[in-house]
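Residue numbers (this note's numbering), protein chains in the order written: chain A, 1 to 257; chain B, 1 to 211.
These are computed hints drawn from the structure, not numbers from a lab.
Backbone N, C-alpha and C fix where the C-beta goes; we use that ideal spot for every residue, glycine too.
One or more of the hints may lead you astray.
Some chain B residues near chain A, calculated using beta-carbon distances under 10 Å [unchecked claim]: (1) A85; (2) S87; (3) P90; (4) V113; (5) G155; (6) L162; (7) F175; (8) T176; (9) L179.
Single-letter residue listing:
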Amino acid sequence: MKTVNNQIRKIDFLKVFFRSFFLQSVWNYRSLISVGFDICLIPIVKRLYPTLDSRKEFLRRHLKFFNSHPYLASYALGISIKLEEDIALGNADASIDLDRIKDLLISTLGAKGDRLFWLTIKPFTLIIGVLGIILAESTSMKVIILVMTFLLYNIPHFYFRYVGLVEGYRFGLQIYKCLPKQRFETLRKAYLYVGLLAFGLLSIYFLIKYYSTGSGQFLIFLSSLVYTGVVYRLSRSFYYTTFLTFFFFLIIGLIFF
Amino acid sequence: MTTFLTSLVIGFLALDTTIAFQVLISQPIFACPILGWLFGNPQLGFEIGVIMQLLWLHVIPAGAAIFPEGNVASMVTCAIALNFADSLFPNTIFALAVIFGIIVSYLGAWMTVWDRKLNGVILNYVSKAAEKVHTRKMASLELVSMIFYYILMSGFAFVSLLTADVVISRLRVNFTVPLETKFSIIKPTLLGIGLMLTGFLAYRAIKKSGN
């Protein structure tokens, strides 16, 4: 059994972590995020492989088609580092395992990440931010709200980018142990419920605001809500909904106001 | 602030959408106040940021989907409104800015598609660099891709803002007080659209909770 002369160090993880912020920069229709993924791992290839041929094989392996949620891709990066270490130690099967696990992770990390971040943390953090900005009276208070919104989103974002790397490396092929179905549910539900509360308050705020402004604006606000609901249910298209509702009420305004 | 500088700022913030960082600064509630601050009118930036945020909130830039470029559209809308902030007809200006914004969002989506196709060409060069183990060249190609996107979006914002400037300057002489009153419905309409679309998103999130 060989030994790896240059063990993976914490600084390597930090380098990969920093590079992961550019994971999607060369997003393309043929290999999706593989270029960014490959470039993220450059500090690892330099650490593990001394020869030109072994480095070439490494870079080739990770240029294959790959996609994931950009934040949770860190798990795939961590596992790749672990398995690359195994390959460097002479485990020939690790290369096959690497291809297999990456293929499996495409759907798992994509689905978990989309559900956690794109469908919950991102929109509900922004709703909380919108509510805060509306309620804040002074500009300095609004700026503070913006900073808090930024942190509310980016603390879990940065956390998963780094912890994913570490856990992926620690668990390797046993990754299923640290990614059970319920893994992110507590966090997701916390953002969901607080966000829903903020959304409810936001809706009430606008209802009261336009009710007190005057019947004309209140009517327009309510009708645009209903009209949007109907058009979106029928079309499921953002453009149809926005265009039709916007221009419909523009015409209403031009004729009746 | 000049149109050119505004475009450069918009291009930079646009990188955050998918290309780099993804820390939310391209989202309207962050980007519009930043533009507002640069124009010396943060209040208007906040106001437009809130409306635009609700309007574009349910757009999810995930996977290979062609999504409306809502962030760039919001920034262009906001920059137009800020550029004509001294106008006596803010509602009319805002209505025109929103129309420009919607067009920009549609064209911006295709800009992203072109950028991604160009990245396919960059992939070929990266593959060649990988074969020769030129890791520095690979990283440089990644940077080239980001710079190209930055130039593409800055240029796009520049053309959009210039067009809006010419169109609104010409139409300005026709703005009247009755027209301004009619356009007072724009903000409640947009908030209505935004809240309902956000409601659909919230419904989806709740439904997923049950799964």
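Now for the hints, and whether the structure bears them out:
1. A85: Hint violated; A85 of chain B Cβ to chain A Cβ min 15 Å, cut 10 Å.
2. S87: Nearest chain A Cβ about 18 Å off; hint violated.
3. P90: 15 Å, violated
4. V113: The hint holds - V113 of chain B has a Cβ within 10 Å of chain A, the shortest such distance being about 9 Å.
5. G155: Not OK, violated: G155 of chain B not within 10 Å of chain A, min 18 Å.
6. L162: 24 Å, violated
7. F175: For F175 of chain B, the interface hint is violated, since the closest Cβ of chain A sits about 14 Å away, which is over 10 Å.
8. T176: Since chain A brings no Cβ nearer than about 12 Å to T176 of chain B, farther than 10 Å, the hint is violated.
9. L179: The hint holds - L179 of chain B has a Cβ within 10 Å of chain A, the shortest such distance being about 8 Å.
Consistency with the previously given hints fails for numbers 1, 2, 3, 5, 6, 7 and 8, ordered from lowest to highest.
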